[in-house]
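The primary structure of each chain is shown beneath.
Protein chains: 2
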Amino acid sequence: MTQIEAARAGKLTAEMRQVAREEGVSPEFIRKGICRGHIVIPKNSISRISKVCGIGEGLRTKINANIGTSRGSSGLRQEIKKMNAAVELGSDTVMDLSTGADIARTRRAIISKSKVPVGTVPIYEIAINGMTKHGSIKKISVDEMFGVLEDQASDGVDFFTIHAGVVKSALETLRKKPRILDIVSRGGAFIAQWMMENDAENPFYTHFDRVIEIAKKYDITLSLGDGLRPGAIADATDSAQVLELLALGELQQKALKKGVQVMIEGPGHLPLHHIEMNVALEKACCNGAPFYVLGPLVTDIAPGYDHITAAIGGALAGAKGADFLCYVTPSEHLRLPTVEDVMEGVIAAKIAAHAADIAKGVKNAINWDNMISRARKARDWKRQFELAIDKVRPTRYRKSSRPDMQDVCTMCGEYCSIKTAERCFGKAVS
Amino acid sequence: MTQIEAARAGKLTAEMRQVAREEGVSPEFIRKGICRGHIVIPKNSISRISKVCGIGEGLRTKINANIGTSRGSSGLRQEIKKMNAAVELGSDTVMDLSTGADIARTRRAIISKSKVPVGTVPIYEIAINGMTKHGSIKKISVDEMFGVLEDQASDGVDFFTIHAGVVKSALETLRKKPRILDIVSRGGAFIAQWMMENDAENPFYTHFDRVIEIAKKYDITLSLGDGLRPGAIADATDSAQVLELLALGELQQKALKKGVQVMIEGPGHLPLHHIEMNVALEKACCNGAPFYVLGPLVTDIAPGYDHITAAIGGALAGAKGADFLCYVTPSEHLRLPTVEDVMEGVIAAKIAAHAADIAKGVKNAINWDNMISRARKARDWKRQFELAIDKVRPTRYRKSSRPDMQDVCTMCGEYCSIKTAERCFGKAVS
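Residue numbers (the working numbering), protein chains in the order written: chain A, 29 to 458; chain B, 29 to 458.
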């Protein structure tokens, strides 16, 4: 039984109860959300992860960290380090996007060591193994494609990205209305190349029943990928993007009917004034399915700082109803991230998700802020840093710049506004 | 003649023309905006700054960097370094918030070396010199206060923050409806202490005519300070904050009538869902005066990363109509910022301002994004980095992680989506 089948039968699974406890909502709330397809719990039925999470309506905004090797850069040990750092800092899931040596072995190692749900993008393994075997993408057979999906599913992948919405009509539109950056999704580009070289429809669209079948067997959550997401502000919310979204909404209904959990991936590069509309559009076209956004990055001008451009977009998207934020590291557009980049990316995404949760009215979200602000009022630096999203940096900053008086900082020194105000209003606060 | 008086007389000043050129709008547009009090050009009539700027309706969102010594930390040379770094990276103005040794000498040195408008917060010098002289804030006389304003004005300060809205009724409200953090504004706390110890109304409110007189003599732009801004998410948009804003709107009208330029300072710590409303509230209560926001910081949980929490808030505030963003550095709440912190703060604020400008529809703002995205499409790394908001970090990142092929990066290597898409859609883009 998949989570949806259980939910429909009125059964509360262990995972539903765990998510309900975690979120401070009733198990019944989770069950109903799963029934409707508004909440997913990405967990392969053979998976042994210890920290499941719910993603969707009424729940805390979750974040994902991408890890994975690339050819000639990094290796398994380094990527495991990144995974551990990301999870330690609060990443709710990780995605293994490896394209380096021995993709299958890397994935199995990551799955075996992960406490949190692991996602993948099977088209990477399909394309890379296929090119090695046949010398071209074109010759990869549909059976080979689904063989990889089956392999990854049986390895215990909890959710996977399927770019089933990169349909012929959307590519045709892209050709007629060119973008600055046509396709920036690695998976989307592979699929498009296969389709164009074979003059064929997207095999994941045509054979979506086979996708559903594999997903159902293992209760894998489908993350319907946005292969045509805009990669430049000028390309945002164009016809190709919207056509793909419409196709994803159609496929989401098919999967949901068969008892398979689905979330929808979203942009990408979006100007600030497109964000609320894009969230509403996804909810409308995809029947309230959880929205998993990749950023969004609100400007193209800041390579080296795209964790910030994405935190801006992610916070607003989350506040307006996006459910799941994919982190972006400072290395985006530049290189495979280092461990430090991963940490910066997770922190920025977590700031965005938490800011969104306050705005969304997620139960008790603001308590965290209140505790830290009370410690700030008390000039209790130790407690403030213990509560902070990251303890290391504030501790280091404070050590580097010690004031004469222990209870203030070097910004204001003896003229600390909090101390001055205390003389006026006293210490205690109700 | 002040800018407003000239504007009212139908005269286009050199500064109006310079701002119009810079913004790509007509000088008449600037003149009308100044007449209405919707645009300010902060420039002391004796000032010789080379880069004037316009702040307000229909113009590019500007950013400010705070510099200045504090007792026992940093000195003039260090602060000049910070100023130069901030201006180099695109800060439109700087504020000298020095509270260390010899405030007047520091200010004069900064003014003499600055290319951009310099702002100050005179109450710092008033309080610190006063405490040195009298041993307490209480004994500072009103004449001493205005003496400092006159000194700073004649030194050539271009705009100054006056916390004239910290009125008795607002403090009474604060006492009745306590906050987690009563007052986090250093200037606001000084004024409140003086008022409470003397059981007197705010002298800048009572004697606002004297403020106007000095400002008018030098055409200094008044930045009416938010001494009661919320310093914790839980305190956002409370009665004290709104009462102060109402007082500021009243004073703005008085100053405008007399031909003195005014902008209004705003929060502070605000949850995301309060930001649009706070901008609209300021515009309504303060008659469309330019809004100068300090952040806003959208969560309290991230000491060490408050350039990010502020970039999120600043971008949204700007998109919704805020005109001027005060940067926040990663050191906020922790220490006097280092030169590197200043640089990070300016970059984050500039990202926020630019993202806001795209959303606001500021003329040609998106051209910058388009140029860099075209360079990205062409994998022209040199050009991309030349165009980037900061050249240094992306160059360093790329150097640290060289791919086998020169035209890709180590994220995707040979599987670069842009190259794959090029095989499908070709190189040229219309």
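The set of hints was computed from the structure by calculation and includes no laboratory data.
Among the hints, a few may not be true.
Distance condition first, Cα-Cα at most 30 Å in a straight line; then the derived DSSO-like pairs of lysine-lysine [to be verified]:
hint, chain 1, residue 1, chain 2, residue 2
1, B, LYS60, B, LYS167
2, B, LYS447, A, LYS166
3, A, LYS109, A, LYS455
4, A, LYS427, A, LYS410
5, B, LYS204, A, LYS204
6, B, LYS60, B, LYS39
7, B, LYS285, B, LYS60
8, A, LYS419, A, LYS143
9, A, LYS79, A, LYS245
10, A, LYS196, A, LYS60
11, B, LYS196, A, LYS447
12, A, LYS455, B, LYS204
13, B, LYS167, A, LYS205
14, A, LYS455, B, LYS391
15, B, LYS166, A, LYS455
16, B, LYS166, A, LYS447
17, A, LYS167, A, LYS205
18, B, LYS60, A, LYS447
19, B, LYS205, A, LYS447
20, B, LYS79, B, LYS391
Taking CB as the label site, the calculated pair distances span [claimed, not checked]:
hint, chain 1, residue 1, chain 2, residue 2, range
21, B, VAL270, A, ARG105, 23 to 29 Å
22, B, ARG451, A, LYS410, 56 to 62 Å
23, B, ARG451, A, ARG76, 16 to 22 Å
24, A, PRO206, B, LYS391, 20 to 26 Å
Keep in mind it's a predicted model, so treat the numbers as computed, not measured.
Each residue gets a CB set at the ideal place from its N, CA and C atoms; glycine is no exception.
Hints versus structure:
no. : hint                            : in the structure
1   : B:LYS60 x B:LYS167              : violated, 44 Å
2   : B:LYS447 x A:LYS166             : holds, 16 Å
3   : A:LYS109 x A:LYS455             : violated, 44 Å
4   : A:LYS427 x A:LYS410             : holds, 12 Å
5   : B:LYS204 x A:LYS204             : violated, 64 Å
6   : B:LYS60 x B:LYS39               : holds, 11 Å
7   : B:LYS285 x B:LYS60              : holds, 15 Å
8   : A:LYS419 x A:LYS143             : holds, 22 Å
9   : A:LYS79 x A:LYS245              : holds, 22 Å
10  : A:LYS196 x A:LYS60              : violated, 36 Å
11  : B:LYS196 x A:LYS447             : holds, 20 Å
12  : A:LYS455 x B:LYS204             : holds, 15 Å
13  : B:LYS167 x A:LYS205             : violated, 72 Å
14  : A:LYS455 x B:LYS391             : violated, 50 Å
15  : B:LYS166 x A:LYS455             : holds, 21 Å
16  : B:LYS166 x A:LYS447             : holds, 16 Å
17  : A:LYS167 x A:LYS205             : holds, 29 Å
18  : B:LYS60 x A:LYS447              : violated, 44 Å
19  : B:LYS205 x A:LYS447             : holds, 19 Å
20  : B:LYS79 x B:LYS391              : holds, 20 Å
21  : B:VAL270 x A:ARG105: 23 to 29 Å : violated, 56 Å
22  : B:ARG451 x A:LYS410: 56 to 62 Å : holds, 57 Å
23  : B:ARG451 x A:ARG76: 16 to 22 Å  : violated, 41 Å
24  : A:PRO206 x B:LYS391: 20 to 26 Å : holds, 24 Å
In the structure shown, a violation is registered for the earlier hints numbered 1, 3, 5, 10, 13, 14, 18, 21, 23, in ascending order.
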